[in-house]
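Student: Chains as they are written, first to last, in the numbering used here: chain A, 179 to 455; chain B, 8 to 315.
Any given hint could turn out to be false.
[Unchecked claim] Ranges of calculated distance between the beta carbons of each label pair, as one might list FRET restraints:
1) A:228 with B:51: 44 to 52 Å
2) A:398 with B:56: 54 to 62 Å
3) B:56 with A:232: 53 to 61 Å
4) A:230 with B:51: 37 to 45 Å
5) A:315 with B:82: 33 to 41 Å
6) A:227 with B:44: 52 to 60 Å
7) B:29 with A:198: 34 to 42 Å
8) B:26 with A:438: 26 to 34 Å
[Said to hold, decoys possible] When the alpha-carbon atoms are kept at most 27 Å apart in a straight line, the in silico DSS-like pairs for lysine-lysine are as follows:
9) A:280 with B:25
10) B:310 with A:280
11) B:29 with A:343
12) A:280 with B:27
13) B:120 with B:25
14) A:280 with B:216
15) A:310 with B:29
16) B:27 with A:343
17) A:217 with A:238
18) B:306 with A:280
19) A:343 with B:25
20) A:186 with B:121
21) A:280 with B:305
22) B:216 with A:186
23) A:280 with B:309
24) A:280 with A:343
25) B:121 with B:216
26) A:186 with B:69
27) A:343 with B:309
Hints listed in this document are in silico derivations from the structure and should not be mistaken for laboratory results. We put the beta carbon where it would ideally sit given N, CA and C, even for glycine.
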Amino acid sequence: MKTKTKSKQWLWHLILLILVLLVAYPLLYMLCSSFKSLKEIYNAGLSLLPREFTTENYDKVFSSLPILRFLANSLIIALIVTVFKMATSLLASYALVFMNFKHRDAMFYFFTMTMYVPFTVLMIPNYLTINKLGLMSTLVGVALPQLADAMGIFRMRQAMRTIPKSLVEAARVDRVGHMTALVRIVIPMLRPAIIAQSMIFFINSWNEYFWPMLILRGDNTSYTLTLALQTFMNSESGSAWGTSMALATITTLVPLVLYLFTQRYIISTFMSSGIKE
Amino acid sequence: MPKQIKREKGRPSPLASKVKAKLYIAAFLLPSLIIFGVFMVYPVLQNVELSFYSWNMVSPNKNFVGLKNYLNLLSDAEFLQALGNTGVYVLLLLLMIFVLPYGVAYILGQLIKKGTHFYRAVLFFPSLLSFVVAAVIFNWILNPLSGPLAELLSLVGIESPYWFRTPGLVIFALSFITAWRSFGYNLIVFLGAIVEVPQEMIEAARLEKASDWTIFWQIILPLTSPTALFVFIMTITFGLSYVFTPINILTQGGPTQASTNIIYLIYQYGFDYFQTGRAAATAIVTLVIFMVLVVIQKKLEKKVHYEN
Chain A
179 MKTKTKSKQW LWHLILLILV LLVAYPLLYM LCSSFKSLKE IYNAGLSLLP REFTTENYDK
239 VFSSLPILRF LANSLIIALI VTVFKMATSL LASYALVFMN FKHRDAMFYF FTMTMYVPFT
299 VLMIPNYLTI NKLGLMSTLV GVALPQLADA MGIFRMRQAM RTIPKSLVEA ARVDRVGHMT
359 ALVRIVIPML RPAIIAQSMI FFINSWNEYF WPMLILRGDN TSYTLTLALQ TFMNSESGSA
419 WGTSMALATI TTLVPLVLYL FTQRYIISTF MSSGIKE
Chain B
8 MPKQIKREKG RPSPLASKVK AKLYIAAFLL PSLIIFGVFM VYPVLQNVEL SFYSWNMVSP
68 NKNFVGLKNY LNLLSDAEFL QALGNTGVYV LLLLLMIFVL PYGVAYILGQ LIKKGTHFYR
128 AVLFFPSLLS FVVAAVIFNW ILNPLSGPLA ELLSLVGIES PYWFRTPGLV IFALSFITAW
188 RSFGYNLIVF LGAIVEVPQE MIEAARLEKA SDWTIFWQII LPLTSPTALF VFIMTITFGL
248 SYVFTPINIL TQGGPTQAST NIIYLIYQYG FDYFQTGRAA ATAIVTLVIF MVLVVIQKKL
308 EKKVHYEN
């Protein structure tokens, strides 16, 4: 009996290690290729580590593109989106959890339904709206439709429901305003969830490609990193192998660093997202 | 207690406080409602309107054509092909990011004794990458001339196909890239549900010599079915949107529309062909299909909830 479970443990770890390899190899391939010359990449076969370490791909990326500008653009959009999404999500979920009003459940239902509207359905009308507002090719035009988030409301509501209602009610009896209750009582208790959700907002915005492409494609100085990466790969096709790996590595650095610091928070937030009510 | 009552007495009139409470509710909800109203509800309504017109998005004239855009879809070869492709995408995605992570989450959460934290941290990471990065990496890895997969295949004497230019294979390649990026997210959501399953039940089953397989089917599956339902619907609705970026970067729906799907087709009609009315009609059809799926999910969810 014991040997049977032991041999099975091996099987499970083997399956998991194969998956780890499937995840890690492409990432290592990206990182290692970015330090290889084009000639070496073509002849590398399956070997990962560069024989001759070179930074020429990075030099080329930095000299041919205003990378710092793109980086700043990505950063500005992601910061605006994160701050606003967090604020609107906290306000709405506070109302949904701690305030009593008619049709509260219907309101929540409405918020969750918006999650499932595919973005291509919204694309043409939103494009026309941004155009009408004169925000084409601007970072604000990219951020504006994304200042509220159903997933954020959903997760913040879920986190707030773990706070005993009596705590907020007691404060309310003591004439503490809703805004003060939110800022002084609720937010401090939700710190891990708020950190995790903010990271997710930030990373998702950082990674976004399609909507910024529609709004910014007319002006290549307002490109974001992902947008630059896509045009770079397509424009130089075969010769851009090493350089696009360098640019992909740069784009990946930010999510990677954020993940290293907040890994536990992020994973526990996602782990609880399927459990409802 | 008496203290509280005293305070109640000092409160403003009930009517005034009622109005104030309403104002607060509005103030807290409006920021989200305005954004959703302008950039979600209004666009859906505008799509309904546009779907009755023939328009190229720039001309000042829109021609009312009634239901023609919808009727035309029924005989539109591109739409029917996209619908078929969508079915293939859904099947592949369900296999790769619904069935597979469900099983792997069971291994991670209940079967292995060590290493759970390491595995979940590594396997989750690609979910934080941009689909653009994933597409760029696999563009080179799947390169048929000198990419690593081609090298690997040549070791066993197989010539690498042109993944992105071969109908049939192209959907598989794009689904794989999407799955590579999204597998970890679904894995973690499943894991969250599976570790919540009461240990006593599993241990009791073990004492009765139930196999891991039986435990999965008879204990894990019924107890995690609300989460499974949620991931199932997300895999279909979000999955089809996720494929969008790899399609847009690597194939633009080609070769000859072999890799397009209904989500991508809306973009093609709108921004490649400038047939705004047809794009809007396709968008509405897609939205209706998705909403039906979500409503079915909610109904089933309630049922599952009561049964447990």
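Student: It remains to establish, for every hint, whether it holds in the given structure.
Tutor: Hint check results:
1. A:228 with B:51: 44 to 52 Å: 51 Å, holds
2. A:398 with B:56: 54 to 62 Å: Distance hint for residue 398 (chain A), residue 56 (chain B) is violated at roughly 34 Å.
3. B:56 with A:232: 53 to 61 Å: 57 Å, holds
4. A:230 with B:51: 37 to 45 Å: Roughly 56 Å apart at Cβ, these two residues miss the hinted range, so it is violated.
5. A:315 with B:82: 33 to 41 Å: Since the Cβ atoms of residue 315 (chain A) and residue 82 (chain B) sit about 39 Å apart, the hinted range of 33 to 41 Å holds.
6. A:227 with B:44: 52 to 60 Å: 54 Å, holds
7. B:29 with A:198: 34 to 42 Å: 54 Å, violated
8. B:26 with A:438: 26 to 34 Å: 50 Å, violated
9. A:280 with B:25: 13 Å, holds
10. B:310 with A:280: Roughly 25 Å between the alpha carbons, so the hint for residue 310 (chain B) and residue 280 (chain A) holds.
11. B:29 with A:343: Holds. Residue 29 (chain B) to residue 343 (chain A) sits at ~19 Å (cutoff 27 Å).
12. A:280 with B:27: Holds, at roughly 15 Å.
13. B:120 with B:25: Violated - the C-alpha atoms of residue 25 (chain B) and residue 120 (chain B) are around 56 Å apart, more than 27 Å.
14. A:280 with B:216: 52 Å, violated
15. A:310 with B:29: Outside the cut-off at roughly 33 Å; violated.
16. B:27 with A:343: Status holds; Cα separation ~20 Å.
17. A:217 with A:238: The hint holds at about 15 Å.
18. B:306 with A:280: 22 Å, holds
19. A:343 with B:25: With Cα atoms ~20 Å apart, residue 343 (chain A) and residue 25 (chain B) stay inside 27 Å; holds.
20. A:186 with B:121: Within the cut-off at roughly 13 Å; holds.
21. A:280 with B:305: At roughly 21 Å apart (the allowed maximum being 27 Å), residue 305 (chain B) and residue 280 (chain A) satisfy the hint.
22. B:216 with A:186: The hint holds at about 15 Å.
23. A:280 with B:309: 22 Å, holds
24. A:280 with A:343: 18 Å, holds
25. B:121 with B:216: 22 Å, holds
26. A:186 with B:69: Given pair residue 186 (chain A), residue 69 (chain B) is violated - Cα atoms ~66 Å apart, limit 27 Å.
27. A:343 with B:309: 25 Å, holds
In summary, the numbered hints that this structure violates are 2, 4, 7, 8, 13, 14, 15, 26.
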